[in-house]
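**Student:** Sequence:
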Amino acid sequence: MTDTWHDLLHGPQWSGADTVWVEDGTEYSWADVDRLAAAVEAAVRAEGPARVVVVRSRDRLGCFAGQLGAWRAGSVAVADDHTLTEPDLDRVRPDLVLTVSAGPHPSVEPAGRADDRLPPERLPEEVVAVNYTSGSTGTRKAVAVTRGNLLALFGCRDLDVPEPGRLTAGGFATPTYDGWWFDTWRTVAAGGRVVCLPHVNDDIFAWPGLTRTYGIGRLLLPAAVLATVVEVLPEAVADVPRLFSGGEQFRMSTYRQAREAGLRRQFVNLYGPTEATFATHHYRLPEDLDAPAVPIGRPLDGCRQLLRPPRDGAPDVRELVVSGPFVCLGYIDRGVMARRFRDADGVPSYDTGDLVRVDGDGDLVFAGRLDGGVKVNGMRVDTADLEQRVTALPRVRDCRVVQHERHTVAFVRTDRPTIEDPAARTRIETVVQGFSPAIGVRLVDRYPVRAGGKVDVPTLMDHYRTTDKAETTDRAETTDRAEET
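According to this note's numbering, the sequence shown is numbered sequentially starting from 1.
Among these hints, one or two may not hold up.
Unchecked claim - Computed beta-carbon distance windows for the label pairs:
#1 Thr4 with Arg446: 40 to 48 Å
#2 His105 with Asp290: 22 to 30 Å
#3 Gly209 with Glu109: 14 to 22 Å
#4 Gly373 with Arg339: 21 to 29 Å
#5 Val358 with Ala114: 43 to 51 Å
#6 Asp301 with Val358: 13 to 21 Å
#7 Arg298 with His404: 34 to 42 Å
#8 Val161 with Asp385: 52 to 60 Å
#9 Ala392 with Thr213: 38 to 46 Å
#10 Asp290 with Asp385: 32 to 40 Å
#11 Gly440 with Arg416: 19 to 27 Å
Source of the hints: derived by calculation from the structure; they are not laboratory data.
Quick reminder that beta carbons are idealized off the backbone N, C-alpha and C, glycines included.
Can you make the complete structure from the sequences, with help from the hints?
**Tutor:** Below you can see the structure in the form of structure tokens.
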């Protein structure tokens, strides 16, 4: 394993002239990336022993080359595209922060040094990187990723795509999310090429041209982003042979829309917690799928699963526990290991907190979370069941139930004609209020998404509170005018 890791960081490929990275219209060779990584390595070594190094860059190449340089210097590489907050950084307590630019004038500059460095042995030698959880189930956590985790991911045969020549992968994931390992490092480890795609809000119209020019053969998109692309501009991904989705639930409505739009490409649904490097399960969607939900499938090569009966729940539901080489070492807090992911026998294992069912073909189907139920006016509501039933309604694309403070709201994504159709609204509200009449309903044609591609729940709730307050004010003003009359 050590030899494989050494070859990845120091192999002869890094002197090559072939293009390995494309970003913002510029092609970079292996040698170009190597030079920038060498500058990062020199900067780390010049600052003395630095166990944890934050590599900060607005360029995705700056983060990638920064990771390479920090690894060569023997450090834990934490990539930051200027989105990590002070609490995020406090979890890892970096010894050194470097700002890296990969533009026309590449540069590496120190941007911060720890006054009191923790001892180098604060993290085990095998830890090389950090995953940050999205924080959707609580506070954001830092996950210790080992070189063994990454090498297991790079060698997973179930994630291979059959390409006649060199693989070119579209790069969409941001450096602070686990999809980054699949988009970039797994591609480069196989000798492939990464073509960075603009964010959907920046220039999605550039995607088809980049796909045709470079022959992109594989693209990973978060489920919320894929749903938006399929609905608004399906031609943006029409020429990509294999589309992977992950991060959130892949809805049947997205699959149906894709087929209706003429997208006959292969779709692969990936599942896995951030605590397991990137993914643990996969499901390759058939040409025709007739099911209430898209399965998450079966374990990836090298991953193992345990289906454990939960304390409460339907008799056919199980809690999913994953184990094997993809499971990370544990959580980091205040710069040291805070909790390790191990079972009673010391085997890498992680309790996902996700509930699943086994379908008739032996594939797993996501059935919610152990903590997914919410109480509304004292009644417990199964949010996964509610979301699935609403999503099954005609012209409904997605449904997200959110509870915050005194509000519980079902945000239903649909098209503009449905939003303006009172009968359609009534159908949706009838299903939602069948679970609880106290749950609010908001029909939207878009979900706001974060930089990493997941739905931005706080923004949804902010919009709801604003419109709820406005509607309350309107009702009060109407009542006042009626009383005056």
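**Student:** Decide, hint by hint, whether the structure agrees.
**Tutor:** How the hints compare with the structure:
Separation of Thr4 from Arg446 is about 43 Å and conforms to the stated range, judged on CB atoms against 40 to 48 Å. The supplied range of 22 to 30 Å is broken by His105 and Asp290, whose beta-carbon atoms lie about 56 Å from each other. At about 34 Å, the CB distance of Gly209 to Glu109 disagrees with the hint of 14 to 22 Å. At about 25 Å, the beta-carbon gap between Gly373 and Arg339 stays in the expected band of 21 to 29 Å.
At roughly 49 Å, the beta-carbon separation of Val358 and Ala114 lies within the given 43 to 51 Å, and the hint holds. At roughly 20 Å, the beta-carbon separation of Asp301 and Val358 lies within the given 13 to 21 Å, and the hint holds. Between Arg298 and His404 the Cβ separation comes to about 35 Å, which falls inside the hinted range of 34 to 42 Å. The beta-carbon spacing between Val161 and Asp385, approximately 35 Å, falls outside the hinted interval of 52 to 60 Å.
At about 40 Å, the beta-carbon gap between Ala392 and Thr213 stays in the expected band of 38 to 46 Å. For Asp290 and Asp385, the hinted distance range of 32 to 40 Å is not satisfied, since their beta carbons lie about 20 Å from each other. Taken as a hint, the range 19 to 27 Å holds for the pair Gly440 and Arg416, whose Cβ atoms sit roughly 20 Å apart.
Consistency with the previously given hints fails for numbers 2, 3, 8 and 10, ordered from lowest to highest.
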